[in-house]
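Q: So you can see what is in the structure, the chains are spelled out below.
Number of protein chains: 2
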Amino acid sequence: MTASPGLDAPRLASPDLLRAVFRQHAAGVAVITAADGERPVGFTATSLNSVAADPPLVSFGVGTASSSWPVIATAEYVGVHILAEHQRDLAATFARSGADRFGPSTFWRSGPEGVPLLDDVLAWLVCRVVARVPAGDHRIVIAEVAAGDPVGGGRPLLYHQGRFTALRD
Amino acid sequence: MTASPGLDAPRLASPDLLRAVFRQHAAGVAVITAADGERPVGFTATSLNSVAADPPLVSFGVGTASSSWPVIATAEYVGVHILAEHQRDLAATFARSGADRFGPSTFWRSGPEGVPLLDDVLAWLVCRVVARVPAGDHRIVIAEVAAGDPVGGGRPLLYHQGRFTALRD
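Chains A and B, in that order, give the protein sequences. Start counting the first sequence at 2; every next residue gets the next number (the numbering used here). Start counting the second sequence at 2; every next residue gets the next number (the numbering used here).
Treat the hints loosely; a few may be bogus.
Said to hold, decoys possible - Okay, the calculated beta carbon distance ranges per label pair:
hint	chain 1	residue 1	chain 2	residue 2	range
1	B	Arg-40	A	Ser-111	51 to 59 Å
2	B	Ser-68	A	Glu-39	43 to 51 Å
3	A	Gly-38	B	Arg-97	48 to 56 Å
4	A	Pro-105	B	Gly-154	39 to 47 Å
5	A	Ala-100	B	Ala-132	29 to 37 Å
6	A	Gly-99	B	Asp-37	24 to 32 Å
7	B	Pro-135	A	Pro-71	21 to 29 Å
FYI, nobody ran anything at the bench for these hints, they're computed from the structure. Everything numeric in this text was worked out from a predicted model, so none of it was measured. Cβ coordinates follow ideal geometry from the N, Cα and C atoms, glycine included.
Can you make the complete structure from the sequences, with help from the hints?
A: Written as structure tokens, this is what we have:
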């Protein structure tokens, strides 16, 4: 069905190659939040991972040009939310530049450590940031689990080929 | 549908909480490979991410207790393969302890920089390792795109709640 890999692979410039390869990849969708005093920030991430069990660590990526970065750069705690398949609009709001992300259509409250927590998600964690690792124009944030709830009761939202989608029934 | 988050969340021990939360998360499935002279190693990863565009970087996690780690710990280049939905058996083989991962049922060849490349995948990259970041009992490997092929022609394999699955049609 597919071509055999080898030295005859097409010679795309590396950023284009990376983009084309990851269009084939699918990822769960998360929203990361933090607060700077009274100002909540948040963004949609498809890079959330469980990294290690001992100690319990998660990781996610954030661009240093993103509007959330100045707060994420110094936040002691972050909120990590796994979105359900019915939350496409929420994912789109937290991905759209200039959107009023914590406006009237977003249901949230201030949770442990003052972290903004979104309602109605599949699962959430509050994590303490332990490292921000430079990786080109992004940082990989590593954070340790402090609190959370594996709420459940639904199925996850997915992202694939530039669109939100869902798992097979 | 779901409970509101807050301070009344259940008090699970952190590793159990992390595990329960990430059972709700879905992830694309990749196989990471490398070679130590003639000896190929590889493992199934659900932690593959595109990290940055400038320079083009990927990341994945690997446990320091895993059988692949001694080779990944010193490899200059790694192979990154995005699996298609029909490759559950391949994903299971590369996840099973003690399996003959490069045995007769695995179709592979030596690719650029001597990296073992699996046939018939959705997309592949050969990447040069630029960092191995300590994160508890794991390392986050960061690697720069060197070659690859966004083969396409199929749909990705997913992992959710401890099982392989696929995207909705």
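Q: Check each numbered hint against the structure and report the violated ones by number, ascending.
A: Of the numbered hints given earlier, the structure breaks just one, which is hint 6.
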